[in-house]
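Okay, here's what each chain looks like letter by letter:
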Amino acid sequence: MTAELLSLTDVHAYYGESHILHGVDLSVKKGEVVALLGRNGSGRTTLLKSIMGLVDKRKGSIRIGGQESASLPPHRIARMGIGYCPEERGIFSGLSCEENLMLPPMIKEGGLSVAELYEIFPNIKERRASPGTRLSGGEQQMLALARIMRSGAHLLLLDEISEGLAPVIVQALGRTIRLLREKGYTILMVEQNFRFAAPLADQFHIVEHGRIVSSFAAAELSSHMGLLHEYLGV
Amino acid sequence: MTDIFGIPLQAFLGQLALGLVNGSFYAVLSLGLAVIFGLLNLINFAHGAIYMLGAFLAWMGLTWLGVNYWWSLLLVPLVTAGAGMILERSLLRRLYGLDPLYGLLLTFGLALIIEGLFRQMFGVSGQPYPVPDALRGATNLGFMLLPTYRLWVVAASLVVCASTWFVIERTSLGALLRAATENPKLVQAFGVNVPLMIMLTFGFGVGLAGFAGVLAAPATQVSPLMGSHLIITVFAVVVIGGMGSILGSVLTGLGLGLVEGLAKVFYAPASSTVVFVIMALVLIVRPAGLFGRDK
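Protein chains in written order, with the working numbering: chain S, 73 to 306; chain D, 32 to 326.
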């Protein structure tokens, strides 16, 4: 039995007056790839932001490696070993590609070296002097991933990394996720693209109206297809 | 004697040199405003008052405590930066997330309070501040004689502006600052203590105003009104250069100082309004400023 790395108990999250998450319980074990499925607006992105401390208000317990983090500011949470890749990718337009890559401070030992990252993502090496936003969508996504692979974070929160990208890029991203998993990273990913997530994840959770309505392991995937049809229309 | 457009060369160069000195103050002050605006999205109306405070701290240090010019040049920016950081922690921080107008009103009120206090204590007449011994006299540039202190003001300002530009545009610390200007939440989510960075940045911008104040003390009279006289022009400089642009604020500051100098040579009455005429023209043609980016 592997150790629990991330554990959410009765988490509620709010933006201003809007109550987005209504009591989420979630557990992620070390080394697992976990996919959060659901429709747009179901609260999956807010769930990642709540873990990061980027919502206006949250309640409940969020434990990272056994430590309570629900009352900490985002920079302290990141330093517990979390890398966050936002849905809009968050490439800084005022920074070059390489400056973007080198931006996140090293938070733990054991991140990938720049040489290793350039080997995995040769495009980024080629375009390292270009301004961040001159990169193509795929290159920006790879840069956003590479950036958090360097910092030594061991739990990665990935928000819709396959969204709007060409199939060949999506395949490359899939290979990267597999590589990260071999290297022992723990990944919590929000995915709209079920076909991308299906072969990658160990655990699936369906989010609907700010709650987790169904959870199952990869082995149970085929028996849950009916449910997925119902919730996602796949 | 050589003439340029019917104006003696000496007078022409003299006004240009004076313009460059004024431009140096514009550059350092608008640089501080730009740095603060970039990260805090705050228009710091207290900037002129802090510049005045810097000059007065130097004057009080010299007159009451015997702290010489060089120590003031080092210590006063640190003191004003410290006061700025306390201000950020205690007051400004409460306004983040509200309309930027609140920050503008708060700093405007602070400027009035600081200036009012100094007018109460010192009246409106200026206090003289002697030029330090090492910078007395004039330097022969080959083509003209220039008071050494003016030369020093231009050189010191250029060094400070160039160093600030280098740190912000060419170092990893500056990359963090630029990134936080675009998306502070994401930078914080990478593990950077952004609230601390905001406090230090405000302190730095305010420290620049204090530095400019010390630099100005021997060049002008130390008076409670010196800040409000200058700051209106500096805001015009910031608008012309483009809000938040580092290089833009420095180049525009120096350039407009020169333009004012030229205006004094050719048509003196226009020298105090030429900057605002340029501002109006720039706003018509490029509303984001010469170096600004549209948002």
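Careful, some of the hints might be misleading.
Claimed, not checked - Result set (SDA-like, lysine to any residue): computed pairs, CA atoms no more than 20 angstroms apart in a straight line:
id: 1; chain 1: S; residue 1: 255; chain 2: S; residue 2: 75
id: 2; chain 1: D; residue 1: 216; chain 2: S; residue 2: 86
id: 3; chain 1: D; residue 1: 216; chain 2: S; residue 2: 255
For the record, the hints were derived by calculation from the structure and aren't laboratory data. The structure presented is a predicted model; accordingly, all values stated were derived computationally and were not measured.
Tested hints:
no.	hint	verdict
1	S/255 to S/75	17 angstroms, holds
2	D/216 to S/86	17 angstroms, holds
3	D/216 to S/255	29 angstroms, violated
Violated hint: 3 only; the structure is consistent with all others.
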